[in-house]
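Can you build the whole structure from these sequences, using the hints too?
Protein chains: 2
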Amino acid sequence: MKNISTYIENNKDRFLNELIELLKVPSVSADSAYKNDVLKTSEIVKTRLEEAGCDHVEICKTDGHPIVYGEKIIDKSLPTVLVYGHYDVQPADPIELWTSPPFEPVIKTTETHPEGAIFARGACDDKGQMYMHVKALEFMTKNDELPCNVKFMIEGEEEVGSVNLATFVKNNHEKLKNDVILISDTGMIAKDVPSITTGLRGLSYVEIEVTGPNRDLHSGLYGGAVANPINILTKMIASLHDENNHITIPGFYDKVEELSADERAQMAKAPFNLDSYKKALDIDAVYGEAGYSTNERNSIRPTLDVNGIWGGYTGEGAKTVIASKAFAKISMRLVPNQDWKEITELFQNHFESIAPDAVKVKVKPHHGGQGYVTPIDNIGYQAASKAYTDTFGQAPIPQRSGGSIPIVSLFEDELQSKTILMGFGLDSDAIHSPNEHFGIWNYLKGIETIPMFYKHFTALSKK
Amino acid sequence: MKNISTYIENNKDRFLNELIELLKVPSVSADSAYKNDVLKTSEIVKTRLEEAGCDHVEICKTDGHPIVYGEKIIDKSLPTVLVYGHYDVQPADPIELWTSPPFEPVIKTTETHPEGAIFARGACDDKGQMYMHVKALEFMTKNDELPCNVKFMIEGEEEVGSVNLATFVKNNHEKLKNDVILISDTGMIAKDVPSITTGLRGLSYVEIEVTGPNRDLHSGLYGGAVANPINILTKMIASLHDENNHITIPGFYDKVEELSADERAQMAKAPFNLDSYKKALDIDAVYGEAGYSTNERNSIRPTLDVNGIWGGYTGEGAKTVIASKAFAKISMRLVPNQDWKEITELFQNHFESIAPDAVKVKVKPHHGGQGYVTPIDNIGYQAASKAYTDTFGQAPIPQRSGGSIPIVSLFEDELQSKTILMGFGLDSDAIHSPNEHFGIWNYLKGIETIPMFYKHFTALSKK
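Going down the list, the sequences are from chains A and B. Using my numbering, read the first sequence as starting at 86 and increasing by one per residue. Using my numbering, read the second sequence as starting at 86 and increasing by one per residue.
Hints in this document: simulated from the structure, not taken from any laboratory. Since the structure is predicted, the reported quantities are computational estimates derived from the model, not experimental observations. Just to be clear, a hint being listed does not mean it is correct.
Identical chains blur together in the list; that is why a pair holds if it fits in one copy or across any two.
[To be verified] Under the rule of at most 20 Å between Cα atoms (straight-line distance), these lysine to aspartate or glutamate pairs were calculated in the EDC-like manner:
1. K320 x E437
2. K320 x E294
3. K125 x D277
4. K503 x E181
5. K363 x D442
6. K426 x D347
7. K445 x E294
8. K447 x E292
9. K445 x D369
10. K320 x E292
11. K131 x E156
As structure tokens, then:
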């Protein structure tokens, strides 16, 4: 595919502008206020897939936000690649920390991205990475380089747990039939250190409500005599970790996959600089489970984090009140073999069991998903590895990610095919944070690398 | 004063309507958005004091909200009563829990108030109780029943710590010279159990900021490897109480006044029904410091309560984020002999000392005040006791309150006079809560009882 670099060079500006248009629509799936923007985004994706060469594209209604499905079948005897991505984005808050408005994309250069990066919510996660596949398809169809069949499934609920996608997949085995699933929704170690994600953590996300007295009370008249739901909530949450930062929920670690000393040694070879890690986050020290390295803590070990907490008076000044209720959102990242439904139940039972009589506690499961591992002897992995080698000039490193794409394990269960996670983002791209961005170099490199995957996968499939 | 009941009967509707007008203005001192409403309220109070017979009324500017000062000097050789109250109110949130808008007063009957109660923020604390004194003065001046001199000092910053009132008092010793200070900003045990508050708790109010990473992070990519400021904050707050609910701050209890077994036995005589207490709050159990009764926990023992907590994603749905910052507002109620500045410093030093290296912690002192005790052999207390006996037909019970009026101990230091706390509110009046109200019976009973205090205090002073 000599002409791919030329094609990218000639169409670069259009590739950028099309992505910028997509980023201007605030498709925040978690907040119903953006329902219409999410819908509008699905329609843009449909149009772009048609322009890129899909024969048949449809917007599939669900009980929530719609799924965009498209396909280009050139020969039923050839293998089929199913591309999955999502067009929804995380909420943008805290909005005041953005240096430019989250839904008014701008290109700025950074130390990591001297060629410039697009700053906008969803730039990397996942509009930018998803759109690389649309442009890669465009290249292949316009230049007669598509070596196999391709299907696209782009959803609008990844950031809220893909509940309706799960149903869609269960009900459409034939339509979604494929030989490999290709996803770009992860990162790589560095621009000069390509890597492929071979593991994902599972997720269990719950919301907690602690109720004390039936109304807010004067903290002078009742303070000390009545359970303060905020004090109780902090006590309960604090008790979920012991002094070594092990999680105290009974049975939580029972099924955790323990890596061999050899596997851990392999992992330790991945380039990592603790000082620059701390410098980048402006922290004096890292913090986590005793006995594990930073890279192990955020990849092969399960975690429990409070993602949000609120209760009582949070306005300006002082209010001497004992709140009636306190709330928290808590997520647990899980590792292979931990079942998210089982962990959610363990959490719920444990958390309710440690509540004192003086309060009422409700645990509401939000959503979750299983962890996932791709064996590196899988031909999909091998095809991806060759593709990176073609375009980066070196073989990628297999890497476990701490993130979760809950739907991936469901794909395997329902569609009996493995998922290859070809991510082109960087940890410094601030996904889920203010000032999320995606490097232009990474964006174009992805568009260049993806067609190589199709070529190698088709070839390896014939063997 | 035979004619007082007639006077009240004839002017009852006007007394209610004037209070309702006062309650319509949202004088929330904690929130700068209400600055003009606070100012407007001070002007209404000025007008009402003039109408009630004060010779000289002025609005005294401060660095914050103004103080309304008024006086009626009939004979310099007679004793002088200084009435203190406040026209500012607590914030109304959570607004959605009000059954009628907080600043649109309505009269409803309740089980406790079959004669009706005025529902509005500030109805009891303290507009309603403050205004009883204005109407009592009106009765005395219009009926030639004022037996001594009177001064009014009504401030607009009680709910935010009376910082500027303190300066005002320090700079106006001569102007504020008096023989006794009279305040109605507390409650009584029950409508048929009159009581006088003889003790107040001190207060220390602080705000906490815990900073982890310099930006919000993806909880998958960083979860487990970086200190989550919310998890850390909950751990730090939880550690402030031990398993017996004793406060763990070193030195916190050093100066706490320990009551004798006899004093505790006296206290235990006050009517209290644990079941109806729990029923009224809809709780299955009370909660507090081991070794003390409910009445002791909220009056003679110091406490530490979180009044507000916030951090991370608190919106609809789920966001898998590790917040950069977490916040809490914490207040400590103090008992006699604990110095609020010393306790604030102990808190600050301790809290900063328990912070792990992985986060930065800021403790910002908000405000505070000392506890207070009035001896029952004081002639002010005796005059109040006789006044209640006249109008309730029985002597009031001396009672320690868990609340704080930080300014009271400063009055004694600066003006060398004792404060008498004649409160007519009830615990069930929901001050600082949604649906605050004040019984019409209590309001009118206060107006009837206050002139008796003037009569008895003047008589006892002559002895």
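Verification of the hints:
Taking CA atoms no more than 20 Å apart as the test, K320 paired with E437 passes in both settings, with 13 Å inside one copy and 19 Å between copies. For a Cα distance limit of 20 Å, the shortest separation of K320 from E294 qualifies both inside one copy, at 14 Å, and across copies, at 18 Å. In this assembly of identical chains, K125 and D277 lie within 20 Å of each other by CA distance neither inside one copy nor across copies; the values are 37 Å within and 66 Å between. Taking the shortest Cα distances, K503 and E181 never come within 20 Å of each other, neither inside one copy (41 Å) nor across copies (50 Å).
For the identical chains of this complex, K363 and D442 are inter-copy neighbours only, at 12 Å across copies versus 42 Å inside a copy, given an alpha-carbon limit of 20 Å. With identical chains, the CA atoms of K426 and D347 are never at most 20 Å apart, being 31 Å at best within one copy and 58 Å at best between copies. Taking identical chains as interchangeable, the C-alpha atoms of K445 and E294 lie at most 20 Å apart only when both belong to the same chain, with a minimum of 8 Å there against 28 Å between chains. When the C-alpha separation of K447 and E292 is checked against a cutoff of 20 Å, the pair qualifies only within one copy, where the shortest distance is 8 Å, while the shortest distance between copies is 28 Å.
In this assembly of identical chains, the alpha carbons of K445 and D369 lie at most 20 Å apart only when taken from different copies (9 Å versus 38 Å within one copy). Within a single copy, K320 and E292 get their C-alpha atoms as close as 16 Å, and across copies as close as 19 Å, so both meet the 20 Å cut-off. Proximity of K131 and E156 under a CA criterion of 20 Å is satisfied intra-copy only: 11 Å inside one chain copy versus 78 Å between copies.
Violated hints for the displayed structure, listed by number in ascending order: 3, 4, 6.
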